[in-house]
Structures are given as C-alpha cells and as structure tokens.
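Asks: Counting with the numbering used here, you get residues 1 to 371 for the letters of the sequence shown.
Worth flagging that the hints you see were computed from the coordinates, not collected in a lab.
Be a bit skeptical, because a hint or two may be false.
[Said to hold, decoys possible] Listed next, with one range per pair, are the computed distances between beta-carbon atoms:
1. Ser35 x Thr342: 40 to 50 angstroms
2. Ala34 x Gly208: 23 to 33 angstroms
3. Pro209 x Ala3: 49 to 59 angstroms
4. Lys232 x Glu293: 45 to 55 angstroms
5. Arg65 x Ala231: 35 to 45 angstroms
6. Glu293 x Arg42: 36 to 46 angstroms
7. Ile163 x Glu132: 24 to 34 angstroms
8. Ala234 x Gly268: 49 to 59 angstroms
[Claimed, not checked] In silico DSS-like cross-links for lysine-lysine, where the CA-CA straight-line distance does not exceed 27 angstroms:
9. Lys173 x Lys193
10. Lys173 x Lys100
11. Lys193 x Lys232
12. Lys100 x Lys265
13. Lys232 x Lys265
14. Lys198 x Lys232
15. Lys100 x Lys68
Using N, Cα and C, we set each Cβ at its ideal position, and we do this for glycine too.
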Amino acid sequence: MAADEPLVLGIETSCDETGVGIVRGTTLLADAVASSVDTHARFGGVVPEIASRAHLEAMVPTIERALKEAGVSARDLDGIAVTSGPGLAGALLVGVSAAKAYAYALGKPLYGVNHLASHICVDQLEHGPLPEPTMALLVSGGHSSLLLAPDITADVRPLGATIDDAAGEAFDKIARVLNLGFPGGPVIDRLAKEGDPKSIAFPRGLTGPRDAPYDFSFSGLKTSVARWIEAKRAAGEEVPVRDVAASFQEAVVDVLTRKAVRACKDEGVDHLMIGGGVAANSRLRALAQERCERAGIRLRVPRPGLCTDNGAMVAALGAEMVARNRRPSDLELSADSSLPVTEPHVPGKHQHAHDHDHDHVHEISKDNLYS
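Whole structure, please, built from the sequences with the hints as guidance.
Replies: As structure tokens, this is what we get:
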C-alpha cells in the first residue's frame, strides 16, 4: 500500500444495508455495515420506507465508525464515492444526500458510481487489479447479469441478464413457500447440504438451443417448485424440505455457471469473476470452481462478506476513478433507481465540480464538524 494511492470513502445504500468503506488504492482499510434486515424479516421482504429511515439513522454513526476503524480523518480523504443507482429510490437518496454533504463540507471530489460495477470492482481488494477485460457474473436479490468490462471505470457491456426474477429473488420466494423466513439464500444453502440435489428434476430456464445464450429466467423454476410443494401438501404428504432446497439450488447454480463459462469461451476470456449476494452461496462457488477448472478458466470470487452489499465495493470503484483521473460528479448528482450498467459512474459537466466558494459561516461549520 503506497501513501500516494487515493484514499476514498464509499457509501452504499441501494437496499437494506448501510455500508461505509474506506480504501487506499486496492487496500481495504475499513468496512462498516449497519443492516436493517432483521426489521424487514417481519414483513417477509424489504420495505423501502423502512430501509430509507434505517439508512438515515445509521449514516453518520457508520461513517464515524469506518473513519475510526481506518485510522484516518475525514480531511485526509481524496474523494467520496456513493452508489447513485440502481436500487431503491428512497434508499439511494439518503446515501447520495449524505455523500454530497460530506463532499461539500470537506471540499472533496464526489463520485456517483454504479452499484453493479462496484460489485465487480470489489474483487480488487482481495485478488489485486482486475484483468482487462473482466468477465463478471453478478447474482443478487435484484440482479442476475453477465457483464464484460474492458474498463471498469468507463466501459461495461451487458451480455445477458434476467428477464424476470433474479436468482436471489427466487431464493427468497422459495424460502417463503417452505416457511423458512427471510432472507432465503443462507437458510436454503444450509439445508441443501443435507439434501439430494438429484432427487427432484426441476427445470432449467432458457437453456434450449434457440434460447438467448446469456439471459436468465428463474420465474418458471420458482413456479415449478412452488407447485411441487403444493401438490405434496394437498396429498397430505410431508415435504422433503432438504431435498427441495438442494434440487432447487442445483437448478439455479447449474444455469448460472453453465452460461457464465460459455460466455468466457465465446468471448475468449480466460477468467471469471462472480459477485453479488448470491455469490456467497457455497454450491455456486463449488460448481463454478469445478466447471472453470475443467474449461481452463481462472475463477475470482471475493470472500462472502464482500459479496453482499457493502461500502468497500463503492470505495474500491471510487478509488479506481480517482486513480484513472475520471471526472468527478457534480453536486447536482441525483439518485437513479434504474441507472444502466453501461454507466459505471455519473461524470459531472465540469472538471472541478467539487471546487466551491465557501462563505464564512460555512467555514465555521466545517471547523466544528471536522476539527
């Protein structure tokens, strides 16, 4: 870690976790997370208004915790990065507003970055600089995407995406049908280890010869599993929960890994990066490793804590933006719930968007806040 590498704070509030990370270059210094998942569990899913309120309450304490953990002062930062999209509009607004406030008060450049590109860039914190191009499979509660990134700061190309339910969304819905609670991914992963993945032949969506080679569909699988469970219950039979979990999970990870390896071969890329919350799934990791080894592809998967939403991934992409002299965002930066992955960050109209004339009152407030 070199002292001249950019020191960047990242803020992530796209869904139900308030994440604040601090990195210097590609070295992680702090990764503070405040989650509201337990509150949402009572409702069986994320409630946007509750998530927004939780972000508002957790923001300043989480930023202070991250600065303390990193052993740096806010004045030392070279930039503030924030997820500006995609995600829940209200939740994003809290993070963007906080980032703008800190950037303005500190006189630091602001970088509004893409949530999906951040999930790719976080791997730099664990396995070093990303190869160019990078092939990435992103799987989470809101996204299932295959992306080719020749330049993570400026050129991310979508090869395929889910046409209905995302993989993580399917996990949550099947967990709900099985009365396993929310979130569904971890509990299905755990139960599947005790089940037989070959016991039930659930369908593999969009795997026919005429189907889009890189797109995903999990809605049909979800319906098939739900109907199978309902039929068992209607017949008065006990549902073999572990076998259902294993067979359902196998159907999901089979399709994900098969299409990802195919994309690598077709594009001539000799490595695969997997990110997003579902990348923490143990069977996805194992099958991806097995298939990548067979195909001569190097697999890069961050540790589970960096796969779920976190501020470190936003800081990682922000640091890359600073290192490559990408134009900062303006203070007029807004949250964009449907920000396309083709826009890794939202550049401002002016090169020095963070330079502002501060009046005397503002200078006093800065001294009070950051002395």
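Asks: Determine for every hint whether it applies to the structure shown.
Replies: Status of each hint after checking the structure:
1. Ser35 x Thr342: 40 to 50 angstroms: violated, 30 angstroms
2. Ala34 x Gly208: 23 to 33 angstroms: violated, 44 angstroms
3. Pro209 x Ala3: 49 to 59 angstroms: 56 angstroms Cβ-Cβ, so the 49 to 59 angstroms window holds.
4. Lys232 x Glu293: 45 to 55 angstroms: Hint violated: Cβ distance 37 angstroms, outside 45 to 55 angstroms.
5. Arg65 x Ala231: 35 to 45 angstroms: violated, 49 angstroms
6. Glu293 x Arg42: 36 to 46 angstroms: holds, 43 angstroms
7. Ile163 x Glu132: 24 to 34 angstroms: Given a distance of about 29 angstroms, which is inside 24 to 34 angstroms, the answer is holds.
8. Ala234 x Gly268: 49 to 59 angstroms: This hint holds: roughly 51 angstroms between Cβ atoms.
9. Lys173 x Lys193: holds, 19 angstroms
10. Lys173 x Lys100: Outside the cut-off at roughly 36 angstroms; violated.
11. Lys193 x Lys232: holds, 22 angstroms
12. Lys100 x Lys265: Outside the cut-off at roughly 42 angstroms; violated.
13. Lys232 x Lys265: violated, 41 angstroms
14. Lys198 x Lys232: holds, 18 angstroms
15. Lys100 x Lys68: Roughly 21 angstroms separates the two Cα atoms, so the pair holds.
Taken one by one, the earlier hints fail for this structure at numbers 1, 2, 4, 5, 10, 12, 13, listed in ascending order.
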